[in-house]
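These are the residues of each chain, in order.
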Amino acid sequence: MSSIPGPAAVKDEVLYLPDTTQVVKEIIETYPPKIGRKRAKHIRVNDPDAIPEIEANVRTVPGLITQRGCCYAGCKGVVLGPIKDIVHIVHGPIGCSYYAWNTRRNLASKDHTKANYIQYAFSTDLQEDEIIFGGEKKLRAAIQEAYELFHPKAIAVFSTCPVGLIGDDVHAVARQAKAELGINIFGFSCEGYKGVSQSAGHHIANNGLFKNVVGIEELTVKPTNPFRINILGEYNIGGDAWEIKRILDRCGIDLICTFSGDVVYEDIAHSHTANLNLVMCYRSINYMADMMEKKFGIPWIKISFIGADSTTKTLRKIAKYFDDPTLTARVEAVIADELAVLQPVRDEIYSRNKGKVALNFVGGSRAHHYQDLFADMGMRTVCAGYEFAHRDDYEGSRVIPTIKIDADSRNIEEIEVDADPVRFNPRKTPEQLAALAEDGLVTNEYKGMMSEMAKGTLVVDDISHYEMEKLIEFYKPDVFCSGIKDKFVVEKMGVPTKQLHSYDYGGPYAGYRGAANFYKDIDMMIHSSVRRFLRPPWEQKPQLRAGFAVRTDQKKKG
Amino acid sequence: MLDQTPIQIMERSSLKINPAKTCQPIGAMYAALGVHGCLPHSHGSQGCCAYHRSHLTRHFKEPVMASTSSFTEGSSVFGGAANLQQAINTIFTVYDPDVIAVHTTCLSEVIGDDVPNIIAKAQSEGHIPAGKRVFHANTPSFVGSHITGFSNMCKSMVTYFAESSGVTGEHINIMPGFVNPTDMVAIKAIAAEMGVKTVMFPDTSGVLDTPMTGKHEFYPVGGATVEMIKSAGDAKHTLALGAFASEDAATALDEKCSVPCDVLDLPIGISATDRFIHTLADVSGASVPKSLNLKRGRLIDLMNDMHKYVHGLKVAVFGDPDHVTSLVEFLLDLNMQPVHVVTGTPGNRFDRKMKELVGEALPNANYKQPGDLFLLHQWIKNEPVDLLIGNTYGKYIARAEDVPFVRFGFPILDRIGHQFKPDVGYEGAINLLETILNAVMDRQDRDASDEELELVM
Numbered sequence: 001m002s003s004i005p006g007p008a009a010v011k012d013e014v015l016y017l018p019d020t021t022q023v024v025k026e027i028i029e030t031y032p033p034k035i036g037r038k039r040a041k042h043i044r045v046n047d048p049d050a051i052p053e054i055e056a057n058v059r060t061v062p063g064l065i066t067q068r069g070c071c072y073a074g075c076k077g078v079v080l081g082p083i084k085d086i087v088h089i090v091h092g093p094i095g096c097s098y099y100a101w102n103t104r105r106n107l108a109s110k111d112h113t114k115a116n117y118i119q120y121a122f123s124t125d126l127q128e129d130e131i132i133f134g135g136e137k138k139l140r141a142a143i144q145e146a147y148e149l150f151h152p153k154a155i156a157v158f159s160t161c162p163v164g165l166i167g168d169d170v171h172a173v174a175r176q177a178k179a180e181l182g183i184n185i186f187g188f189s190c191e192g193y194k195g196v197s198q199s200a201g202h203h204i205a206n207n208g209l210f211k212n213v214v215g216i217e218e219l220t221v222k223p224t225n226p227f228r229i230n231i232l233g234e235y236n237i238g239g240d241a242w243e244i245k246r247i248l249d250r251c252g253i254d255l256i257c258t259f260s261g262d263v264v265y266e267d268i269a270h271s272h273t274a275n276l277n278l279v280m281c282y283r284s285i286n287y288m289a290d291m292m293e294k295k296f297g298i299p300w301i302k303i304s305f306i307g308a309d310s311t312t313k314t315l316r317k318i319a320k321y322f323d324d325p326t327l328t329a330r331v332e333a334v335i336a337d338e339l340a341v342l343q344p345v346r347d348e349i350y351s352r353n354k355g356k357v358a359l360n361f362v363g364g365s366r367a368h369h370y371q372d373l374f375a376d377m378g379m380r381t382v383c384a385g386y387e388f389a390h391r392d393d394y395e396g397s398r399v400i401p402t403i404k405i406d407a408d409s410r411n412i413e414e415i416e417v418d419a420d421p422v423r424f425n426p427r428k429t430p431e432q433l434a435a436l437a438e439d440g441l442v443t444n445e446y447k448g449m450m451s452e453m454a455k456g457t458l459v460v461d462d463i464s465h466y467e468m469e470k471l472i473e474f475y476k477p478d479v480f481c482s483g484i485k486d487k488f489v490v491e492k493m494g495v496p497t498k499q500l501h502s503y504d505y506g507g508p509y510a511g512y513r514g515a516a517n518f519y520k521d522i523d524m525m526i527h528s529s530v531r532r533f534l535r536p537p538w539e540q541k542p543q544l545r546a547g548f549a550v551r552t553d554q555k556k557k558g
Numbered sequence: 001m002l003d004q005t006p007i008q009i010m011e012r013s014s015l016k017i018n019p020a021k022t023c024q025p026i027g028a029m030y031a032a033l034g035v036h037g038c039l040p041h042s043h044g045s046q047g048c049c050a051y052h053r054s055h056l057t058r059h060f061k062e063p064v065m066a067s068t069s070s071f072t073e074g075s076s077v078f079g080g081a082a083n084l085q086q087a088i089n090t091i092f093t094v095y096d097p098d099v100i101a102v103h104t105t106c107l108s109e110v111i112g113d114d115v116p117n118i119i120a121k122a123q124s125e126g127h128i129p130a131g132k133r134v135f136h137a138n139t140p141s142f143v144g145s146h147i148t149g150f151s152n153m154c155k156s157m158v159t160y161f162a163e164s165s166g167v168t169g170e171h172i173n174i175m176p177g178f179v180n181p182t183d184m185v186a187i188k189a190i191a192a193e194m195g196v197k198t199v200m201f202p203d204t205s206g207v208l209d210t211p212m213t214g215k216h217e218f219y220p221v222g223g224a225t226v227e228m229i230k231s232a233g234d235a236k237h238t239l240a241l242g243a244f245a246s247e248d249a250a251t252a253l254d255e256k257c258s259v260p261c262d263v264l265d266l267p268i269g270i271s272a273t274d275r276f277i278h279t280l281a282d283v284s285g286a287s288v289p290k291s292l293n294l295k296r297g298r299l300i301d302l303m304n305d306m307h308k309y310v311h312g313l314k315v316a317v318f319g320d321p322d323h324v325t326s327l328v329e330f331l332l333d334l335n336m337q338p339v340h341v342v343t344g345t346p347g348n349r350f351d352r353k354m355k356e357l358v359g360e361a362l363p364n365a366n367y368k369q370p371g372d373l374f375l376l377h378q379w380i381k382n383e384p385v386d387l388l389i390g391n392t393y394g395k396y397i398a399r400a401e402d403v404p405f406v407r408f409g410f411p412i413l414d415r416i417g418h419q420f421k422p423d424v425g426y427e428g429a430i431n432l433l434e435t436i437l438n439a440v441m442d443r444q445d446r447d448a449s450d451e452e453l454e455l456v457m
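So the sequence lines, in the order shown, correspond to chains P and L.
Position 90 (the first sequence) corresponds to 90 in our numbering; numbering is contiguous.
Position 202 (the second sequence) corresponds to 202 in our numbering; numbering is contiguous.
Since the hints were made in silico from the structure, they are not lab data.
Since the model is a prediction, treat every value here as computed from it, not as a measurement.
Certain hints may be false.
One-sided excerpt, in silico: chain L residues whose CB lies under 10 Å from chain P [as the list claims (entries may be wrong)]:
(1) 4
(2) 10
(3) 48
(4) 62
(5) 91
(6) 142
(7) 166
(8) 170
(9) 217
(10) 346
(11) 393
For glycine and all other residues, C-beta sits at the position ideal for the given N, C-alpha and C.
Same shape as in the complex, but just chain P:
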């Protein structure tokens, strides 16, 4: 085995972190004063032992160039869209459906027994007349046409901005169509203007899925394997869920449902039969974890399969939870086997990249998770932030009771969930959960990103374009992680970028094989030759043959 230190060792190393006081001051002072004061609350120098309060999940200042998208993007684009055998009808003008068509890389396997609509975009393509006179009739007709064409198991309807304003009742239309057609049809009021980012859409999607799909079908065959889990907040970008499933299969753990990468309707309908929920992307799906815990008694643990060491940790958490010696032994064997394959790749890449610096600005969980992958490679994330997170994503779920509910959040429904009178079945007793917590496995809690970032690192919420450019100039990172809108800006600056939404059309990056993919991709970017050519040679050594040119000239004259 290699003697290379793991991420814990890397994280504990004292590293040189530049003083950010001046650069932060310059950023704040560039803004109009009121905006400067606002933005200052979103920028914090981290201390994992005394985590500072950071402003998050509040409105972006109009005019500031932001990474953020809208509520619809979070609901349809992120959470619901990946469910492959639902016909997702976007009710609105054409753009919203068009832009969310196949652009998010939530891959879905071909299954000849199930329909797969991932390559399709459905829209009511609202026109001016419908905006004036109402679009319910057209929506009803569109549902009918979808039914006649495809006979799907379920149809989901998504409201876009104008739909909310003109007052179409998508829920009533859905209910009526459901009664008439006899298939499950449900609507989402996820108009783009709701909330302050994609995050509101995640919540709305969680609520709708929970109310309309989770637990609505029972298994026909009683499962024999007790190690039954769901993974919440895993969208199978670049095939991540497939790699995770491969590892879980090896361990003998049954993956019932991922929310919602490469799943079918039925998987979600049966998801209440799992015995443990693993939460990957806490931001987009924590609501579901809580609701399933309350209704069905399924505990959740925050985990991550991003990074080899994280994957190992996650597998051990699952084994600890189920507390079965055979499972534990099998999990340990799989870990040893997978690490043995990965280690040579990791060793080689570690040696070339140790000490290099990354900046992560993405998502509501990825900015955290990917720090572990960089740590695997000996790299450090010195500055990070989320695009649409809440305070708990930064500071940990312990702060939830102290989060102020503002006007933008108040409009997003919080579902009151009671224990199911028949199906509530606490998988662990309170005593067992307490014992697990005692042993280091805390259920129903997320510690947040800041607890795992070094003292002196900089955390910036909802980073503006201006701040991004300033911080890149300041840190001169070896790699910058965000999304497509930033990518070519940063590349122009001579800094390699990795899109952590789309993986630059690569992946998977989850699990052990995914980790190897990521190490290689980052290593390739950092060590690409192309940036050597940025300055033309004549600008580096302009006088290369000046003398020779003069002599030729003189010769001619002579």
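Using the hints provided, position chain L relative to the given structure of chain P.
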């Protein structure tokens, strides 16, 4: 692949499946990037701006800078005036553009925000620094398509900036349509080769085709300056390329400054390029130089030499109307058979044009506006084709039906080439024909038996 698409065609009145268009604001954003020092601003929810920037970025592989009014539920109820006011102030303070080009979205249109009024208020309250400009276009997403949005933003450039000084200049305005920067370069080069002074707007060359230097230029060197657009009011003539994208702006300029205009097809393929050059010569008084005859000759030479590989092939085409109609004409000039043609952009003019082009030559050809790719796929299932031409979304159909595929138009998300190789002019036609030939000939090679694999083709 696309396994759920049945061969039987069912009439649909309400459900659009796999669209061949997107919404107005992205076109407006693209047009605004063709103004020098301009920051496009999306007056609506954040998602619109994020989606448009993302999509343009995926097509150009370039930074696409734009800002948003970041509407919340409150702004949707009370109106977005405060958001736009604050945005204007913030943008000039932080990002310092010369010009802000505001376009609306379905949200701000439904609310009924009076954008000119809001801009005037920003002006009177001193939020617009001296010498800086804010202009706007109404671009409701529930009307037309991205091409309509492009057209509306171009028209706004005219209504806001073009002025007539009373003295007519020598220059010719060219409104290039929703084409790539490299096409704009090629069109300007043709005019320069003829010795014609031109003003082109919008002009995204030098904006969305920038070099990598180690520095991000927030406002790159390219784009038509406001002064140039102003001078369009004094031009001798306007050539509007592509009726859907450019006619409204040209007409508005004629009305405002009495600059006469000709609306031409996009100069894609030999016939449309001939008409463009001929008209440009006519209206400018310039003669066509031998160098252009030479290029034209090379194109004809290629068409002649490789004719047998394309003659008679059945083609399915989809895309934006100005692109599609010019391409269809070129395919007919190559004796190919464009049997299925779809544009997502609504407009009866498309039907008239298609009838004119294929009515006699291919009386059974299918064409539709506004159609979608689901319908196009069903047509192909019913009458198979030898070649599919369209934007990247066509790759699913091409794979499902195992048809050679040529990428053309907007957006191309999965290949490079459109950033560097124009489709317009004679050289563009050579590029296009080369791409078509390669696709067709690669297929011949792929399908040939070992014995039949030709060394020389």
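Status of each hint after checking the structure:
1. Checking residue 4(L) against chain P: minimum C-beta separation of about 6 Å stays under 10 Å; hint holds.
2. For residue 10(L), the shortest C-beta to C-beta distance to chain P is roughly 6 Å, which falls under 10 Å, so the interface hint holds.
3. Taking 10 Å as the C-beta cut-off, the interface hint given for residue 48(L) holds, the closest approach to chain P being about 7 Å.
4. For residue 62(L), the shortest C-beta to C-beta distance to chain P is roughly 5 Å, which falls under 10 Å, so the interface hint holds.
5. The closest approach between the C-beta of residue 91(L) and any C-beta of chain P is roughly 5 Å, which is under the 10 Å cut-off, so the hint is satisfied.
6. Below 10 Å, beta-carbon pairs count as interface contacts, and residue 142(L) has one with chain P at about 4 Å; its hint therefore holds.
7. The criterion of a C-beta within 10 Å of any C-beta in chain P is not met by residue 166(L), whose closest approach is roughly 38 Å, and the hint is violated.
8. Checking residue 170(L) against chain P by beta carbon gives a least distance of about 37 Å; that is not within 10 Å, so the hint is violated.
9. A hinted interface residue such as residue 217(L) counts as satisfied when its beta carbon comes closer than 10 Å to some beta carbon of chain P; here the least separation is about 8 Å, so the hint holds.
10. The criterion of a C-beta within 10 Å of any C-beta in chain P is met by residue 346(L), whose closest approach is roughly 9 Å, and the hint holds.
11. Because the smallest distance between the Cβ of residue 393(L) and any Cβ of chain P comes to about 8 Å, under 10 Å, the interface hint for this residue holds.
Going through the hint list in order, the structure does not satisfy hints 7, 8.
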